[in-house]
Amino acid sequence: QKEVEQNSGPLSVPEGAIASLNCTYSDRGSQSFFWYRQYSGKSPELIMSIYSNGDKEDGRFTAQLNKASQYVSLLIRDSQPSDSATYLCAVDGGDYKLSFGAGTTVTVRA
Amino acid sequence: DTGVSQDPRHKITKRGQNVTFRCDPISEHNRLYWYRQTLGQGPEFLTYFQNEAQLEKSRLLSDRFSAERPKGSFSTLEIQRTEQGDSAMYLCASSLRAGTNTEAFFGQGTRLTVV
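As they're listed, the protein sequences go chains Z and W. When you read off a place in the first sequence, starting at 1, and then add 598, the result is the number in our numbering. When you read off a place in the second sequence, starting at 1, and then add 4, the result is the number in our numbering.
Read the hints as simulated data drawn from the structure, not as lab findings. Just to be clear, a hint being listed does not mean it is correct.
[What the hints assert, rightly or not] Heads up, simulated SDA-like pairs for lysine to any residue below, C-alpha to C-alpha not over 25 Å straight-line:
| # | chain 1 | residue 1 | chain 2 | residue 2 |
| --- | --- | --- | --- | --- |
| 1 | Z | 654 | Z | 601 |
| 2 | W | 61 | Z | 694 |
| 3 | Z | 640 | W | 75 |
| 4 | Z | 600 | W | 14 |
| 5 | Z | 640 | W | 14 |
[As the list claims (entries may be wrong)] Chain Z residues, not near chain W, derived (Cβ > 10 Å throughout):
| # | residue |
| --- | --- |
| 6 | 610 |
| 7 | 618 |
| 8 | 625 |
| 9 | 640 |
| 10 | 644 |
| 11 | 652 |
| 12 | 653 |
| 13 | 654 |
| 14 | 656 |
| 15 | 663 |
| 16 | 667 |
| 17 | 673 |
| 18 | 680 |
| 19 | 700 |
[Stated by the list, open to error] A partial selection of chain W residues facing chain Z, derived with a Cβ cut-off under 10 Å:
| # | residue |
| --- | --- |
| 20 | 52 |
| 21 | 60 |
| 22 | 93 |
| 23 | 97 |
| 24 | 99 |
| 25 | 113 |
| 26 | 116 |
Glycine included, every Cβ here is placed at the ideal spot set by N, Cα and C.
Produce the entire structure from the sequences given, and follow the hints as far as they go.
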């Protein structure tokens with residue numbers, strides 16, 4: 599069974615700070631990793647994808663992947679109130695379907 | 005807007021009734037997925053199609069659930085004899101099979117309430 603674990607949160611950070619979200623996965627054969635943002639009552643929105651070890655930066659978001667440790671993280675720099683949402687970690691185990699964590703809720707305090 | 009489109013956005017039905025949801029994927033995407041999400045949980049995989057072929061069904065998908073994707077375009081998800089436990093957000097996603105890129109994009113979802 600493929601499991602994806604995330605810090606349940608909630609994670610509260612002041613505006614302008616860095617929010618750090620963590621995710622671990624059980625399937626060593628996993629190939630692709632994604633972060634989705636989900637606002638309350640809305641559907642998930644893809645914000646980052648990462649396929650190889652190391653860091654990937656896109657604007658204020660940085661995804662980090664360590665396949666040896668089966669760990670993927672997301673950093674949100676200069677957090678804004680509009681970043682307040684639930685962040686879902688998703689893992690593709692090579693069979694083209696995603697396994698999701700339960701999500702980490704982030705609240706950015708103005 | 006060329007994103008994934010789902011219809012209806014909301015559905016309230018009485019227990020025992022049948023419901024059908026529709027998903028129109030991004031036009032060039034050949035893979036289409038259905039997920040279900042309940043409050044406080046991440047989406048759970050239900051089934052997926054590559055073109056018109058249904059390649060996998062989750063064990064979560066009981067015999068009351070059926071999905072189709074005629075002609076490899078839009079897809080429908082039908083739930084027969086709905087139960088209160090079917091109340092959830094039903095999400096459709098699509099992706100383009102292209103090398104290692106498997107980015108999947110979700111529609112707005114259909115929120116089902118069974119009363």
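Status of each hint after checking the structure:
1. Z:654 - Z:601: holds (23 Å)
2. W:61 - Z:694: Satisfied, since the Cα-Cα distance of roughly 13 Å is no more than 25 Å.
3. Z:640 - W:75: Since the Cα atoms of residue 640 of chain Z and residue 75 of chain W sit roughly 29 Å apart, the hinted pair is violated (cutoff 25 Å).
4. Z:600 - W:14: violated (31 Å)
5. Z:640 - W:14: holds (12 Å)
6. 610: It holds; residue 610 of chain Z is separated from chain W by about 18 Å at its closest Cβ, greater than 10 Å.
7. 618: Given a closest Cβ separation of 19 Å, the condition holds.
8. 625: holds (14 Å)
9. 640: violated (7 Å)
10. 644: violated (6 Å)
11. 652: Holds, because the least Cβ-Cβ distance between residue 652 of chain Z and chain W comes to about 15 Å, which exceeds 10 Å.
12. 653: holds (18 Å)
13. 654: holds (13 Å)
14. 656: holds (13 Å)
15. 663: Holds, since 13 Å exceeds 10 Å.
16. 667: Fine: 21 Å to the nearest Cβ keeps residue 667 of chain Z off the interface.
17. 673: holds (20 Å)
18. 680: holds (19 Å)
19. 700: violated (5 Å)
20. 52: Constraint on residue 52 of chain W satisfied, holds at 6 Å.
21. 60: holds (7 Å)
22. 93: At about 8 Å, which falls below the 10 Å cut-off, the nearest Cβ of chain Z leaves the hint on residue 93 of chain W intact, so it holds.
23. 97: Since the shortest Cβ distance to chain Z is 8 Å, the answer is holds.
24. 99: holds (8 Å)
25. 113: holds (4 Å)
26. 116: At about 14 Å, which exceeds the 10 Å cut-off, the nearest Cβ of chain Z leaves the hint on residue 116 of chain W violated.
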